[in-house]
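Enquirer: So the chains spell out like this:
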Amino acid sequence: MSLLEIRNLQVKYGAITALKGVSISVEPGQIVTMIGANGAGKSTLLRAVSGLIKACAGNVVFEGVDITNLPAHRVVALGISHAPEGRMIFANLSVRENLEMGAYPRANKGEIGHDLERVFSLFPRLKERFKQSGGTLSGGEQQMLAIGRAMMARPRMLLLDEPSLGIGPILVKAIFETIVEINRELGMTILLVEQNAHQALKIAQYGYVLETGHIALEGSAGDIARNEQIRKAYLGEA
Amino acid sequence: MSELLQQIINGISLGSIYALIALGYTMIYGILRFINFAHGDVFMVGAFIGFYLAPRIKALFGGSLLIATPVVFLIAMIGCSLLGVTIEKLAYRPLRPQPKLTVLITAIGVSLFLEFGGQLVFGPDPKLFPTLIPSSTVINTQNLVVGSNSIAVIVTALVLMLLLRFVVYNTKIGTAMRAVSYNHRAASLMGINIDTVISFTFVLGSSLAAAAAILYASVYPSINPLMGIFPGLKAFVAAVLGGIGNLAGAALGGLIIGLTETFVVGYISPTFRDAIAFSILILILLFKPSGIMGKDEPEKV
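Heads up: the sequence lines are chains A and B, in that order. Residues 0 to 237 (numbering that gives the first Met the number 0) are what the first sequence spells out, left to right. Residues 0 to 300 (numbering that gives the first Met the number 0) are what the second sequence spells out, left to right.
Excised from the complex, chain A in its bound form (with noise of 0.2 Å):
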């Protein structure tokens, strides 16, 4: 059984329609990776599943239940985080109580406490800015504090927003490594959203390509790097 199932969603702002029927579906323990051009509706797929924003039509389906259009803090209680776009870190706490918000729905401290460990083992500059306040940290710290900030809740099933997102090329590749460690190590299954092609591919095992609300191409993450048409809108060759 799929981890989760998305089956025709389609999302509308208004009169515009996001997303026109979309349908994919994760492994458990995998990442895949959403690609597609500004625009194309991969946050608006991100948003729907963590239900900042409503379906007008189809299904979510999380291990076998049916979460379309739950509200989101009750998404998360059920192990789905999503680390969104723009990072919406918590500017006037600290470092400190944004990782402790991440594990907003859980109750027992001592494994939190573990968690925070984790999260600093893998994030060591968090750890170095753990007093200061969120709103202070470079544009990469924000990115980590984002996916440390998910993974609080312990989730089995991590969204990720455009990671990559202004920041320089030496922190993306550590930070698609932290990624693929937190895959490998934690087991969480990811679902990554890019529009850094070339770096998602490598890290993914599968692939979806979208193109203004619907999936262009879907296949095994080398089969899409290897596709000429892609080469040539996504990956810069000529």
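There are no misleading hints in this set.
Chain B is nowhere near these chain A residues, computed Cβ spacing over 10 Å in every case:
| id | residue |
| --- | --- |
| 1 | Q29 |
| 2 | G38 |
| 3 | G112 |
| 4 | A224 |
Short, incomplete list of chain B residues facing chain A, as computed with Cβ under 10 Å:
| id | residue |
| --- | --- |
| 5 | A178 |
| 6 | N182 |
| 7 | A186 |
| 8 | M189 |
| 9 | I193 |
Just a sample of chain A residues kept apart from chain B, beta carbon distances all over 12 Å, derived:
| id | residue |
| --- | --- |
| 10 | R6 |
| 11 | R124 |
| 12 | G167 |
| 13 | H197 |
| 14 | I202 |
| 15 | Q228 |
Note that these hints are calculated values from the structure, not bench results. For glycine and all other residues, C-beta sits at the position ideal for the given N, C-alpha and C.
Go by the hints and put chain B onto chain A.
Expert: Just chain B now, with coordinates in the frame of chain A:
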């Protein structure tokens, strides 16, 4: 000299009551970005709960104020919390997706409803608030008279403010409040139920208003259903003066308004008692609209 000291003590006492009310305005603004104009009337209801309850509770504890007074405080705070949460659920929550102006006008409607509903239920004539805090004189020198009630007001307000500070900065729900005040969507992605946090904010704000009401009525014991209007408006000015949305600012603003009012009444003329707060409002809106401790941030779109 001692007259000055006298005015300062009176001013701090009045100011700490304004501060307690102002904290409610500022917290609700912080979470929902609108001014809850019914807040002053929740304060009024707190005074009436105290009025009807105090004789019964006092009788229950054989006239011992040491137990009866905290019990009256507690019940009034619970009563006003329920009222605040109900107002939010029935009047404000259904309008949350609407423009803020809609909610603001609704808040004025709720305020009028409570003021005139109060006249219907409690009667429009002023009532004498029973003694809950004995007003014996603690310090009495040549020119300085300090009553036990002004000391009780200052101490109670201080304790409540420290308690609030602890809740907001050192507990999980308090951290969630600050997260929600920063960004509702991000907070909901953390698994925070926004509605619960908003209700909790109304519980905090309304119970502080109830406590303020009993303190206020212990100093100015004539109560009536319109009594919330001026303390409410002045506390609103205090919240704006301190920087709306900022807790420390609301406390500071309350003290400044209380002190200024007392000084103006004492040294200039009691005629200006109510005018001074609004003069301050005009000045602050002209010269530093973000308030003393507020940050100058562009309106979020």
